[in-house]
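Participant: Work out the full structure, taking the sequences as your base and the hints as a guide.
Here is what each chain is made of, one letter per residue.
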Amino acid sequence: MSTKATLADALGDLEEATVLETVKTELAAGVAPLAVLQELQQGMEIVGKRFEDEEYFLSELMFAADIFKKASSDLGVALTSDAGNKLGTIVLGTAKNDIHDFGKDIVATVLRSNGLEVVDLGVDVDYEDFVAAIRRHQPEFVGISCLLTTAFEGMKGTITAIEAAGLREGLTILVGGGCLDASVAEYVGADRYCASAQDAVQVARARLGAAR
Amino acid sequence: MHSSSTAENRLLLHQKRDRWLRAVRLERQDRVPVVLSADAYAARQAGLTLAEYVEDWNLALRVTVEALTKWGEIDGVAMSFFPPAFHPYSLLMAVKLPGRDLPNDVMWQLDEQCLVGTEIYDQVVELGWDAWFEQFVAREFPGLDEVGERLMAFLPEVHAAWEAAGVPCLHVDGGGEIPLDPLCGARSMKEFMLDLHRVPDKVQAAIDVAMPSVLRWIPESFPSEEAIGFPVYAARGSSDLLSPRLWERFVFPYLLPIVEATVKAGGVPVFHFDGDWNRVVPRLLDFPAKSCVVEFDGRTDIFKAKEVLGDHMCIKGDVPASLLTLGTPAKVGEYCRRLIAEVGPEGFILSQACCIPCEAKAENVRAMIESIHA
Chain A
791 MSTKATLADA LGDLEEATVL ETVKTELAAG VAPLAVLQEL QQGMEIVGKR
841 FEDEEYFLSE LMFAADIFKK ASSDLGVALT SDAGNKLGTI VLGTAKNDIH
891 DFGKDIVATV LRSNGLEVVD LGVDVDYEDF VAAIRRHQPE FVGISCLLTT
941 AFEGMKGTIT AIEAAGLREG LTILVGGGCL DASVAEYVGA DRYCASAQDA
991 VQVARARLGA AR
Chain B
3 MHSSSTAENR LLLHQKRDRW LRAVRLERQD RVPVVLSADA YAARQAGLTL
53 AEYVEDWNLA LRVTVEALTK WGEIDGVAMS FFPPAFHPYS LLMAVKLPGR
103 DLPNDVMWQL DEQCLVGTEI YDQVVELGWD AWFEQFVARE FPGLDEVGER
153 LMAFLPEVHA AWEAAGVPCL HVDGGGEIPL DPLCGARSMK EFMLDLHRVP
203 DKVQAAIDVA MPSVLRWIPE SFPSEEAIGF PVYAARGSSD LLSPRLWERF
253 VFPYLLPIVE ATVKAGGVPV FHFDGDWNRV VPRLLDFPAK SCVVEFDGRT
303 DIFKAKEVLG DHMCIKGDVP ASLLTLGTPA KVGEYCRRLI AEVGPEGFIL
353 SQACCIPCEA KAENVRAMIE SIHA
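So the protein lines, in turn, are chains A and B. To convert, take the position in the first sequence, counting from 1, and add 790; that gives this note's numbering. To convert, take the position in the second sequence, counting from 1, and add 2; that gives this note's numbering.
Any given hint might turn out to be false.
Unchecked claim - Partial list, derived from the structure: chain B residues whose beta carbon lies under 10 Å from chain A: (1) 49; (2) 50; (3) 93; (4) 109; (5) 200; (6) 201; (7) 203.
Calculated directly from the structure, the hints in this document are not laboratory data. These numbers come from a predicted model, not from an experiment. Cβ atoms here follow ideal geometry from the backbone N, Cα and C, with glycine treated the same way.
Facilitator: Right under this line is the structure:
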């Protein structure tokens, strides 16, 4: 088995110590940080596949993303400025009047470990902050997290503000959270309801897969 | 309002309890019972701000009874009264309250933060659960004990108000939770999920130390000889969170003794299973037949659950928050009729998912209640 396959497989198998050790070994041997990162992303693809196959669940997804985060932090600053590796960008935040950050944070972590740049606006995000971030970062995606029925109007208001600013075209707006379903996505004017963080990864890959 | 002392009212309360118990036992009866819970919805219906609802318990109780008895007969309440300020006691998470931490009319919300490091597990083992819990609550949530004492003193008034309105309180106030829940709350979901992979033996040791305290409280929970529901919580134990390996280690083995202790004490375990429990529904067949209730919140497929559980366990639920908030009376009625036909009529209790949401439309709540008489 090649080293590359070992690193991706080790992450796929959630072998934290092996992943961290292998990254150090590869960097010491002169492997380019970007190549190492791509191996780690292959590992996250294995994790994603196992999630879809219901072998892994949320805790495994989070553990894998945390290993990825640790391992990729060893790859150095040069990597963070390498736009060539970026699959796409998402502006993400929790709906106005909702302060829950857990679901949003999971989505952010999992998307980052799958190659997306995440612009995290935090919780209880004002409409104009979403609009400003879209203008600045030109994302392909906007993600709005929500755990309260009282924040449905906050999601709807955000999307209305994005439309009013003339920024809706070409943007894929995703919503997710405990009390949501497809009917809520339709009500607020989103493109997709995502039942899980991995769902968001799938949507992003489906739209951007060819660009990678 | 009826007087709770009248023989007529006592008979009505008895009939409703009996209807609930027949559903638990999956017996045939006149109709499906409807059992509800509400809090912020009642505030909205009464035109109160959420801050007013949180602050004034007497007012909150009055408007909640009014909101749930407005549209015709209901067979009971599951959650009689729960002040939002008391949330940290069960999940060891802070709560942000309207009027205190949030604007007056913004919904109260749990504020999940990592309050302690992985040393929590050794501390629990060293001190024992009760001593550790007392110290932790005093340090992280000052004043919470006073809220608890005030609540205990208020509960007789709560029960009297519901019974005077002809509505029995079908569940014990409080209930039991698997020890995973408070540990997860104190650590935060993210850190706890990582702990399950990085320090699983320490987590399990703490859970094992906590478990006797959970069980010890159960026999003391039942106020009378009448059969009553004992809520069993596992907020962080749903099958979408944990792989089979973790679920079989950290969740199921701790549900089982809670169920056994509750049944032995003469109570009815009521699993409050919010989230996606689809994968593990077959494991509910391991619990005693016709002795428990499982309530779902719309994320578990209640129709498939019925196919799996058959006549083994009563199912309660699950009119979704989105339907009550965004739907129409016709859609709600249609969904309720499907529930009654496919999950019931025997062994089914009609209910909202979790708790009636704040922004539910009154006409949708009405349609839910009226569907049992259709």
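Participant: Against each hint, give a clear statement of whether it holds in the structure.
Facilitator: Do the hints match the structure? See the list:
Hint on residue 49/B is violated. Least Cβ distance to chain A is approximately 16 Å, over the 10 Å limit. Using the Cβ-Cβ criterion of 10 Å, the hint placing residue 50/B at the interface with chain A is not satisfied: the shortest such distance is roughly 14 Å. Given the 10 Å rule on beta carbons, the hint for residue 93/B is violated: about 13 Å separates it from the nearest Cβ of chain A. Below 10 Å, beta-carbon pairs count as interface contacts, and residue 109/B has one with chain A at about 4 Å; its hint therefore holds.
With a least beta-carbon distance of about 8 Å to chain A, the hint placing residue 200/B at the interface is held under the 10 Å criterion. Nearest Cβ of chain A to the Cβ of residue 201/B: about 12 Å, over the 10 Å cut. The hint is violated. A cut of 10 Å between beta carbons decides the hint on residue 203/B: the least distance to chain A is about 16 Å, and the hint is violated.
In terms of the numbered hints stated before, the structure departs from hints 1, 2, 3, 6 and 7, listed from lowest to highest.
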